[in-house]
Amino acid sequence: DAGVIQSPRHEVTEMGQEVTLRCKPISGHNSLFWYRQTMMRGLELLIYFNNNVPIDDSGMPEDRFSAKMPNASFSTLKIQPSEPRDSAVYFCASSFGTGAGETQYFGPGTRLLVL
Amino acid sequence: AQSVAQPEDQVNVAEGNPLTVKCTYSVSGNPYLFWYVQYPNRGLQFLLKYITGDNLVKGSYGFEAEFNKSQTSFHLKKPSALVSDSALYFCAVRDIYYGQNFVFGPGTRLSVLP
Numbered sequence: 187d188a189g190v191i192q193s194p195r196h197e198v199t200e201m202g203q204e205v206t207l208r209c210k211p212i213s214g215h216n217s218l219f220w221y222r223q224t225m226m227r228g229l230e231l232l233i234y235f236n237n238n239v240p241i242d243d244s245g246m247p248e249d250r251f252s253a254k255m256p257n258a259s260f261s262t263l264k265i266q267p268s269e270p271r272d273s274a275v276y277f278c279a280s281s282f283g284t285g286a287g288e289t290q291y292f293g294p295g296t297r298l299l300v301l
Numbered sequence: 017a018q019s020v021a022q023p024e025d026q027v028n029v030a031e032g033n034p035l036t037v038k039c040t041y042s043v044s045g046n047p048y049l050f051w052y053v054q055y056p057n058r059g060l061q062f063l064l065k066y067i068t069g070d071n072l073v074k075g076s077y078g079f080e081a082e083f084n085k086s087q088t089s090f091h092l093k094k095p096s097a098l099v100s101d102s103a104l105y106f107c108a109v110r111d112i113y114y115g116q117n118f119v120f121g122p123g124t125r126l127s128v129l130p
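Protein chains in written order, with this note's numbering: chain A, 187 to 301; chain B, 17 to 130.
Okay, chain A solo, but in the shape it has when bound (with noise of 0.2 Å):
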């Protein structure tokens, strides 16, 4: 299996533009969770899908960010518009069942910077 696949791995924009992340999670994983990882706050959890309805989003920072998951083999975050303090790593996980045992897998992550 090629594991959880996150693209860009790497992106640099500017203030004000909007960014899309997208995630592909394993095949058959039916939970899905999108993650941000600073120096400040460690890991955070955004929002997480669970047979690609999202089931919570109370960790999204605020309107500007959106989370979509239209199947079970894509997911997308948006961020518009974009704010330097965007910047961070964002993580995409997915995991199979919904028990609280299950283990998450993690995507490599994309590396945003929002000068």
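Don't read these hints as lab results, they were simulated from the structure.
One-sided and incomplete, this derived list gives chain B residues near chain A with beta-carbon spacing under 10 Å:
{"hint": "1", "residue": "Thr68"}
{"hint": "2", "residue": "Arg110"}
{"hint": "3", "residue": "Asp111"}
Even for Gly, the Cβ is constructed at its ideal location relative to N, Cα and C.
Using the hints, position chain B against chain A.
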């Protein structure tokens, strides 16, 4: 609410010596505990988890962790450290009452010196 503490920002150990990375947790119900490792410019890789049963859990790359309910701890251990073990280690907890949400600790940077 659930929380995780990793009391050491940095752990240094000589190659060949045993290593321990500490983790303590707080949950309302029964904990589900995980260890992940992150190498530079990479995503998090799963090492091991405790769900129930034997308090000593064995995982990938020779790592193991011991669940101690009375001390609310889940320390990561390895009998003989390798230079290639140098990385950032994260402990995470999930409480069954909080569903899917992981809470990650701040991470501990392990440096294994040759």
